[in-house]
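Knowing the structure of chain A, use the given hints to seat chains B, C and D on it.
Protein chains in written order, with numbering that gives the first Met the number 0: chain A, 0 to 305; chain B, 0 to 305; chain C, 0 to 305; chain D, 0 to 305.
Note that these hints are calculated values from the structure, not bench results. Mixed in with the good hints there might be a few duds.
Note that identical chains are pooled: a pair holds if it fits in a single copy or bridges any two copies.
[Claimed, not checked] In silico lysine to aspartate or glutamate, DMTMM-like type, Cα no more than 20 Å apart, as pairs:
id, residue 1, residue 2
1, Lys300, Glu48
2, Lys273, Glu130
3, Lys84, Asp269
4, Lys36, Asp257
5, Lys36, Asp74
6, Lys169, Asp269
7, Lys36, Glu137
8, Lys273, Asp292
9, Lys41, Asp57
10, Lys300, Asp269
11, Lys41, Glu137
12, Lys228, Asp61
There are 4 protein chains.
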Amino acid sequence: MNIPRETSGTNENDAGKRVPADRGLSAVLLWSCPDRKGLVAKISQFLFERGGNIIDLDEHVDRSDNSFFLRVAWDMRGFSVPPDKLDDTVAPLAKEYAARWTIRLNDRKRRLAIFVSRLGHCLQEILWRLELGEFEAEIPVIVSNHADLRPISERYGIPFHVFPITKENKDQVEAEQLELLRRENVDTIVLARYMQILSPRFVRNYPERIVNIHHSFLPAFAGANPYRKAFERGVKIIGATSHYVTDVLDEGPIIEQDIVRISHRDSLDDLIRKGRDLERLVLARGVRLHLEDRVLVHGRKTVVFG
Amino acid sequence: MNIPRETSGTNENDAGKRVPADRGLSAVLLWSCPDRKGLVAKISQFLFERGGNIIDLDEHVDRSDNSFFLRVAWDMRGFSVPPDKLDDTVAPLAKEYAARWTIRLNDRKRRLAIFVSRLGHCLQEILWRLELGEFEAEIPVIVSNHADLRPISERYGIPFHVFPITKENKDQVEAEQLELLRRENVDTIVLARYMQILSPRFVRNYPERIVNIHHSFLPAFAGANPYRKAFERGVKIIGATSHYVTDVLDEGPIIEQDIVRISHRDSLDDLIRKGRDLERLVLARGVRLHLEDRVLVHGRKTVVFG
Amino acid sequence: MNIPRETSGTNENDAGKRVPADRGLSAVLLWSCPDRKGLVAKISQFLFERGGNIIDLDEHVDRSDNSFFLRVAWDMRGFSVPPDKLDDTVAPLAKEYAARWTIRLNDRKRRLAIFVSRLGHCLQEILWRLELGEFEAEIPVIVSNHADLRPISERYGIPFHVFPITKENKDQVEAEQLELLRRENVDTIVLARYMQILSPRFVRNYPERIVNIHHSFLPAFAGANPYRKAFERGVKIIGATSHYVTDVLDEGPIIEQDIVRISHRDSLDDLIRKGRDLERLVLARGVRLHLEDRVLVHGRKTVVFG
Amino acid sequence: MNIPRETSGTNENDAGKRVPADRGLSAVLLWSCPDRKGLVAKISQFLFERGGNIIDLDEHVDRSDNSFFLRVAWDMRGFSVPPDKLDDTVAPLAKEYAARWTIRLNDRKRRLAIFVSRLGHCLQEILWRLELGEFEAEIPVIVSNHADLRPISERYGIPFHVFPITKENKDQVEAEQLELLRRENVDTIVLARYMQILSPRFVRNYPERIVNIHHSFLPAFAGANPYRKAFERGVKIIGATSHYVTDVLDEGPIIEQDIVRISHRDSLDDLIRKGRDLERLVLARGVRLHLEDRVLVHGRKTVVFG
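Isolated chain A (complex conformation) (with noise of 0.2 Å):
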């Protein structure tokens, strides 16, 4: 389906002739490393001598522990690089500086893999972005624990996979699950309120490349129901939190957080129906910076560019 989309170059008043963002090609570079000095004219000498034009560029610097952490987006246009040898071209001054580092091109999409259990408004949130075109990415499969949402994914014309989930069969299910994201060529998973934990063997195939969302401010109410625990102990206001998945439960790199004033008023029915605006919103937020290569993690936490 075709949606009309508002844009700069629409008449707001009677909008939908939707016009082509042509951007062309460009490149994207995340890299971290020790701090040393002359680290931002090293990297923007290298991309200018092969005549790369910057975008964007920002930088950071944690003086806790002399960490620097770089973003720069440049165009390909005129770059003397050809895209299938920038990781070659760049690799030896990573190795000169340890740097942790990725570049993607745009026009790479992302292969996401949407987990979700019975609750479809997390699910339908990304679709219906998707389909706006404000994710650059595609999604080739959703994966369930449930049929619920077979329709949703009906709707979208998404592949989608059931896979009932016992105790004894945990192991045996997340093996096939992560044959068919490889199969499919998965990129990065998004936890789209998925109530299942994952094992740390299966969290291993996708470090800092799944993305959960929480229904709480994290850290408050981590774990289970977070809705009751905050109606129970009177908070008001009350939060959702997006979160690379790690080992321990709920304790993942942040990358975004927000929140919502309540009241005595509010019911745990109104808490969860305004979590859910909050859920759908914070996850959403989450995947784009994502997406767009805008997180970097050091540690248990995160450099947002955003």
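Here is chains B, C and D on its own, set in the frame of chain A:
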């Protein structure tokens, strides 16, 4: 489609068993009149004498002009006045106090018409919330001056009527639209980014029953192209406003507003994207407040018992 | 010092002529009891029969345990019960409904003691708002375990008492403090970043009358060093919480919370600086709500009629 | 008065031992010019070659008109150019790129004049933050058209100059004020609820160096009596705006804005009270951003490297 929804009766860890929220028959009285001593006593006594258990009562006195506003909801179980005699029973009291008033029973679902043009996000949001059970309403008809959003209405099985509008046929079209609304017994109109200005004659048919979303923080950037204006002015925050439609463009009583922070990094397209999320939320909240009889109009302003 | 304050009677363009807001004598009843039919009718009728004009009425029923909460303010001009007979008149009614209740007249200013340690921003904020006329209260005494903030108290001419505290003398000091508070007829204690933990014995003397500010978004980061913990966890939002003090550290009923967004660019010192603004606002709001009799405690939670 | 301040070197539990934050000599370059390839490389290389370690670098390209903006801070320890030769060294580079630019060393404290009328809250806030060490600045003079706030200035030991203003003497007074500012070597003027309109001639002497607080969410409610206008319009959110002063009233480039939610329960006096908190925060943030050289003006807009 029956999408599971998390409720207080749900085990959040693997939600889905929907709990029927059987709250029984109840009534809501909205009342405004000049302030007088003993008004709350009078009305609450009136209900008590007839066996009504008050579920919720909220009152407000505007000291600037001594106006009194009240919203009271009560349980109809055990109430001695039958539903079809409610209006007749309250009328004499209301007359005594020169009150404007309405009573609505919670089993009388409001019938909404949604008006749209080419942008689908607000329509999508409303249909999605309706499906989730957030709105106590029915949507018998969607009206548009373009055909673009027909596919969304088809997803939800709602009749979609296209009325192409030109300067010449506007009067005629409005007459046909009013006829359609009458036929469908429509109670309230939601303008979900409908890009035509309704004539005073049209508006007069639905006083305080047309809810619009304006994509700015009114009164800033009224009229056309608010995002472009906000971008050019260099504001650091943008907003959205839901309000009742009156004869004067973007001047109707405001129901709800919200904002989002922006920065110099945001292009006009970013404003449009961020604003889209705001519009969805602010319109949905405005519609919900209206549907739950929580809004009383007071001149150019509203009293919102949220 | 008489600092001009902008009011509705002020020409904002060159403000300063202070308008005495003579609102006359009024009373506030705070009431909670098991829910029963006709409670609002009963109480509003009770006031009406005695000539009381209701200025403001707010009620709430907690459906989870059928508790009823009410705050009603009325004009004492023309009320047939004299101020000194109020309690005796309401007592029988309260007994009938097994209610917890208080009545306060707006001419009986509450007497506050402020407890501080070495950080002055919360103290400064409270004294400044008192001076501006925002709090209906008197502050006869400031108590500290350090002498650092004496200069601030001297600016405002308020007696400052230093009680150095060690593990050994704590019981003795608390006894002396209680004696001082009794002598000064103190009604409510505000802990404005007071870094000592009060003993249960001390707290028992001021049940629901000790307001504390905790510099985190409780229940996250309870206990010591919340900013450091927030910094190390990498949260994207920090908060502050004002709450009543109970026997359990940082577990008392929450009155008010607020948050501020942070990013990787914020050092621990930035968190402390941004948090300082939050603490000031959240404590001030909590104190104001308490002073205006807008807070009812309900187990671990509060009902706040804001 | 030396008020203890919590810092990262403080034990939060009983804070007070002030940690001298000796960050050494550093410089900040603010730079804007037409965009060209290699600008970041050029400038960072320029600093690196002279031994400058970059502490912080932020850049932005406005695609709508291809303007380039940069803020870079570097450590002067080990930098081969002495402080007094900085301008001469950068000038040729700036000329080559047709750049507007400034360099400031962190040991050159800005000298602020505060202009006030009769309302003291913004003045109070600025002096209090200065005392806490939040602003790298000196305040040699406070200017007012009324004597009311002299006591506040005396508390802080700052000279207070009263210039009564009438229609007739305005030109003469402004000339005297400018003479005073010149004598005191004032760099930046803060209008802390100063209720006089400065003439274009006056403003021309401090281009992009007069920071004003306007008590509304601009462009809504520009001009006089914004709270009254907001109250009468029935908005659900009010705001405050700090901006540079230009020839056109309330039209200068916006530095910072924030908002607070209101409801029908809020009287005009409540708006004024709630707005007061906003004004304090928004002005303080605007002043801080200006003092830290984080604001670049771009036509009617600002680039804020926050």
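Hint check results:
no., hint, verdict
1, Lys300 <-> Glu48, "neither (34 Å within a copy, 33 Å between copies)"
2, Lys273 <-> Glu130, "between (24 Å within a copy, 16 Å between copies)"
3, Lys84 <-> Asp269, "neither (54 Å within a copy, 32 Å between copies)"
4, Lys36 <-> Asp257, "neither (36 Å within a copy, 38 Å between copies)"
5, Lys36 <-> Asp74, "between (26 Å within a copy, 10 Å between copies)"
6, Lys169 <-> Asp269, "neither (34 Å within a copy, 42 Å between copies)"
7, Lys36 <-> Glu137, "neither (40 Å within a copy, 33 Å between copies)"
8, Lys273 <-> Asp292, "between (29 Å within a copy, 19 Å between copies)"
9, Lys41 <-> Asp57, "both (14 Å within a copy, 16 Å between copies)"
10, Lys300 <-> Asp269, "between (31 Å within a copy, 17 Å between copies)"
11, Lys41 <-> Glu137, "neither (35 Å within a copy, 38 Å between copies)"
12, Lys228 <-> Asp61, "between (35 Å within a copy, 17 Å between copies)"
Violated hints, in rising order: 1, 3, 4, 6, 7 and 11; the structure is consistent with all others.
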